[in-house]
Structures are given as structure tokens and as C-alpha cells.
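Given next are the chains, with one letter for each unit.
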Amino acid sequence: MNNIIKIAFRNLYRQKRRSLLTMGIVAFGVLAVLLFSATAGSFKNVMISEITDSMLGHIQIHAKGYINSMDNLPLDNTLQAKQIEQMEKILDEIPEIESYSYRILLGGMLSNYLESTSAKFSAIIPAKETQVVPLLENRLMEGTFLKKGEILLPELITKGFDSKIGDDIVLVATNADGSLNGQNFKITGIMESVMGPTGKYGYIHFDDAQTLLRMNELQVSEVAIRLKDFGDVKKVYRILNEKLGEIKNPKGIEVFEIHTWENLSPFYNIAQMIDMMALFIQIILIGIVLVSIMNVMIMAVYERTKEIGSISAMGTLPSKIRWMFIFEGFFLGVFGSIIGLVVSLIAIFIVNISHLTIAFGRNSIILLQPEVSISQIGLTALIVIIVSIIAVMEPAFKASKLEPIEALRQN
Amino acid sequence: MPLISCDGISKIYKMGEVEIKALNNISLEISKSQFVSFIGPSGSGKTTMLNLFGVLDKPTSGTLKVIDADISKLDYVQRAKFRGEHMGFIFQNFNLIPVLTVYENVEYPLIMVKSTPVKERKAKVLSLLDAVGMLDQKDKLINQISGGQKQRAAIARALTTDPKIVLADEPTANLDHESAFKVMSLMKKLSHEVGTTFIFSTHDPKIVKEADIIYTLEDGILTKREERSKG
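Chains as they are written, first to last, in the numbering used here: chain G, 1 to 411; chain Y, 1001 to 1231.
Do not take every clue at face value.
[Unchecked claim] Listed below are the simulated BS3-like cross-link pairs for lysine-lysine, each with C-alpha atoms no more than 27 Å apart in a straight line:
no. : chain 1 : residue 1 : chain 2 : residue 2
1   : Y       : Lys1014   : G       : Lys398
2   : G       : Lys401    : Y       : Lys1021
3   : Y       : Lys1122   : G       : Lys6
4   : Y       : Lys1140   : G       : Lys320
5   : G       : Lys6      : Y       : Lys1119
6   : G       : Lys64     : G       : Lys82
7   : G       : Lys320    : Y       : Lys1058
8   : G       : Lys320    : Y       : Lys1114
9   : G       : Lys128    : G       : Lys186
10  : G       : Lys320    : Y       : Lys1119
11  : Y       : Lys1124   : G       : Lys320
12  : G       : Lys148    : G       : Lys82
13  : Y       : Lys1140   : Y       : Lys1188
[As the list claims (entries may be wrong)] So these bits of chain Y aren't anywhere near chain G, every CB distance computed over 10 Å:
no. : residue
14  : Ser1005
15  : Gly1043
16  : Pro1059
17  : Ala1069
18  : Gly1133
19  : Asp1136
20  : His1177
21  : Glu1178
22  : Ser1179
23  : Lys1182
24  : Ser1191
25  : Gly1195
26  : Asp1204
27  : Lys1209
28  : Arg1228
Keep in mind that the hints were calculated from the coordinates and are not lab data.
Cβ atoms here follow ideal geometry from the backbone N, Cα and C, with glycine treated the same way.
Kindly generate the complete structure, drawing on both the sequences and the hints.
Structure (C-alpha cells):
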């Protein structure tokens, strides 16, 4: 086999320019795949992190029917104290969970005594919330983070009310029974919205929401969960579905519904599109490798027909002739991949040191830090090598089936 | 016991609707260690005859036995194995592998066909290169040596597997007279030394005189057999 490899290698060397050109084309394909995957992957990871770490968390738990309710932020379909107690036991037993936080989501009317507007609020327990969504505090444009009796207003409303830090404001909300209640708050912070300047989402303290909504016992609209490893989302989702799915109300209906960030954020579709584009570029790479290697090997068989005839006449078995050509295609794929990989790593390094930034939502300076995983490199190289071998099969079989006298007759 | 025995063999090629009878009812026998020549004008059937003897092709009719094997019964792979085991070939255009050195070309059948161990291989190749006077050219690539040297390398390659039969189709056609005589003398010398049967075709009446037995072909028919005294 070593000698077949040696001859295959020398056959490539004999057509240096052609072999280099083919390897160059393969390398270009590898570069396109790896550079795109690294850059788009970096963009995707930054965006996912921005959304999950400053707003959604990795997984959320609601009362069954909450997400698909026709009402906006319904307060009549919350998790009740007993259910929360059962849920806590389960959450505390799952080692993959780093932290979780309770939220009451409510809609209300804000007034600065001169004018009023509607707004949505997330009532949070600040110490817990910042463990689940650590980038939340970064969204604070001005002021200090939340304490009891304080309110963090969205930028849009602050501007509309011409309010400033330290001003008083009234929040009026209707509770689950339909009774109206109001409470004074001090503006201590102005929050930017993740998705743009039009957001009207503010924050109040969890205890204040309970008072405002006259909740006599613990009630929760939403439980946000952060995992130790983001990669465990699907695993933990399955565990939660299984364990929480066992808890049913007296009517035998499940109490909880669980969603991953993917179900809750429209950005997941964009992330999927990025993955689709990466797949599309991989398909183009397969096409490039297939066509270029098949073309060069068909030419090689055509040019070396007489040579194949003479080695066949000498008694070289068809399988050995076949292997000789397969190794030629294999080497083109391997060396093309290596060149492509080296060029890709250099290109990725250049992108990293040039501190490329992009705008997303309010964060106009998100730094792209493309990186490529060993598995991505391995997968790309494997695809190239497998496709190279597939591409060379037809010419290799053709060469091995040549009748020696026909081949020897060719000029 | 003849090495090659033909009994009424014919070979017909079909070119569309037209049938071309390349060989017509040939019967002959060739024994071990003979230095045999086939002569005749172009299209007389010399190459077809050598292709059949070399198990590169099968007769359309008749029986051809080469080293006791009825070659009509061998399939594609069996014929390749048979050639590798018993045959050596010398081509008009040398057909050496251009990416290999002279040494590697001679070594090639031992690796690709016979899988001979390295030590044995090296001794065999060096002794053959010495026998054909190419030892000093062994590390050169094929495009770095002359036509005569290429043919000498090709003779060494043909003999490297210790074949029972060496077939040479117009081996001197691309050589000048001096080189042609040297090559023929070398083939004859080796034939007698190693006991291999050499069968070659030629146009050249001066070269053919070297043969022990001369068969004349005309239009696919064997018209004459001439036996010459050895020496």
C-alpha cells in the first residue's frame, strides 16, 4: 500500500500546477466555510447571549396556557404558592441549574401627575434576577439598580414624561380580581430596551408588585432559569418537562408549561437562518470539491490511459489501479483542506485583531470575535476528504476497468 | 511439453457492421527458452498474435493454451493475475512510468504484482540493472535517459518477475540500428541465460535474423515457419 501511495503522490507532483490549482480551489471552499461559520457563529453567540443574559434567561416556566393566553400579561393565570413549592423542590434537585428567579409580569398606567401612558412591567427580586440575567444591570443607562419603592423606567417613557432620576411617579394596575390600585414610586434608573428604542418595559421590585396587585400569598407569572452550561438547554428542558409534567391540578391537567429561549425569542429564527446559510455554504463547498477533483481525475485517467494499459498488462490488479487513483483524490482533498485550514485560521486571526464591530438593537458596538471549534474544523476536513474520495470513484473505477490492449493502443 | 499451444485459433474484430479477421486458423507450438520472432507487413496480425500469447486478449475461436491454461476460460482479474505471474512485456514505446526512476520502474512489478520482500527485491533489481548495463543510470527519471537506455530498462522490468514468457511488440522500432542490435543481443543473451521464452515481432529483416524460430504472417494467415540454428 505504501508504494501505491508513493506513486499516487508522485502522479500529483508530476502535474504540479494542476494539482496546486485544484488544492487551491478546495482550500478556497474550506476558507469560505470556516470563515463564515466562525464570523456568523460569533454574531449568533453574541446575540443569543445578549437576549438570554439580559432578558429571557435560558429556560422559562409559566402556568399552563400563560404564553398562548389571549390576554396580555394575564394575572389570573399565575403559578400559585403550593405549585411554586413543588416546582422549587424539582429545580433544586437539577444540578445543571445555576439559578432561577421569579417574576410577576403586569401591565399598568403610569402617571407623572401631568400626563399618563400605558406600560409593561417586570417585577423582580433584584439579587436573584441579576444571577439569572447578569447583563440586566448593563442595560441601565442612568441611575442605580432596583430597591423596594423604586422603579426603573424605559428610556422612551422617561423621555416622553421628561422625567429624571429622583422624580416621583404613580403606577396604577388592575389585579386578577379586576380591582384597581395605585402606588407611588421613585425613579432611580433608566433602562434601555434590548431590541430597540421603542420598548416600553420597566422594572419594579417583586414585593411592590405583590402589594400593588394585592396578592396575599406568593404568586409568580414567570420563572426564569439560568443553566451552568448553555449547551444543556435541551437536556434540562427534557428533564423539566418530564418532572413538572407529572404535577397535575385536580382536573388532571398539567400545571406548568416550559419553554426554552428558542421558543420565546424571534431571534431564534435568525439564528436558524444563520445555520441554514452555513449549511448552504457547506453544500457549495461539496460542489466545488466534487467538480474540481472529479474533473482533474477524469483528465488524469484520459492522459494516462496508455500508462494504465502498460501497468495493467504487467499484471497489476484492477483493485490496485483503483486505489492509486483514490489516493490521488484523497491527497488533493487532504492537502486542499490543510491549506484551507491554515488560510482560514490566519483570516480568523486577522478579523479578531481588527476588532470588527456590528450594530444590534441598542448595542451599536458588539465586538465580533470569530472562533472556530476543533469539531467544526474536523467536520469540514472530513466532508472535504469524503467528497474527494467520492469524486475520484468514477474515474478510478473507469481506470481499473480499462482493457489493457485498448489502453495501450491509445496515443 | 509446449509452453504455448495454438489449435486453429482465429481472431475477428467487429468494426460496426464490418468483420475484420485479424488471425485465421493459426496452429503452432512454442517451447521453453525459445527466441521466437513473428514477422510480416503491417496489419498481418503480429500484434494480435502477441496480445493473445500475452493473455491480453482472447481468441474468437480455437484453443489457445498458455502454460497449460486455457485462456478463453480466464476472467478479467484471473488474466491480470496470470500475466503478473508468468508474463513480461516490452513495448515499442517503452511505456515506462515517467514519475518513477529507472530503479523504481524495474522494481514496480515486484511491488505491485508480486509483493516481493524489500531485501530480495533490491538484490533482484540491482542484478537485472547490472545485466542490462543500466546500473549507473538507476536513479535517473525516464525523461533523463536515451531511447536505447529506456528499452534496456524495459527489458530489465520485463524480466524482474522471472516470467516464463517475455513478449516484445516491435521492441526496436523506435531505436537506431546500433541500439536495436544491442537490445536484440541483450534479449537473446538473457533468453539463453535465464531460460525465458522471448517472443517478439518486427519489420526489420536484419533484426529478425537473431531469432531461433521465425514465423511469417500475411493477412492473418501463418504462411511460413523457419527454424534457425542456435548460436
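Status of each hint after checking the structure:
no., hint, verdict
1, Y:Lys1014 x G:Lys398, "holds (23 Å)"
2, G:Lys401 x Y:Lys1021, "holds (26 Å)"
3, Y:Lys1122 x G:Lys6, "holds (17 Å)"
4, Y:Lys1140 x G:Lys320, "holds (25 Å)"
5, G:Lys6 x Y:Lys1119, "holds (19 Å)"
6, G:Lys64 x G:Lys82, "holds (15 Å)"
7, G:Lys320 x Y:Lys1058, "holds (23 Å)"
8, G:Lys320 x Y:Lys1114, "holds (12 Å)"
9, G:Lys128 x G:Lys186, "holds (22 Å)"
10, G:Lys320 x Y:Lys1119, "holds (22 Å)"
11, Y:Lys1124 x G:Lys320, "holds (23 Å)"
12, G:Lys148 x G:Lys82, "holds (25 Å)"
13, Y:Lys1140 x Y:Lys1188, "holds (26 Å)"
14, Ser1005, "holds (21 Å)"
15, Gly1043, "holds (14 Å)"
16, Pro1059, "holds (13 Å)"
17, Ala1069, "holds (14 Å)"
18, Gly1133, "holds (22 Å)"
19, Asp1136, "holds (23 Å)"
20, His1177, "holds (25 Å)"
21, Glu1178, "holds (26 Å)"
22, Ser1179, "holds (20 Å)"
23, Lys1182, "holds (22 Å)"
24, Ser1191, "holds (19 Å)"
25, Gly1195, "holds (20 Å)"
26, Asp1204, "holds (21 Å)"
27, Lys1209, "holds (27 Å)"
28, Arg1228, "holds (29 Å)"
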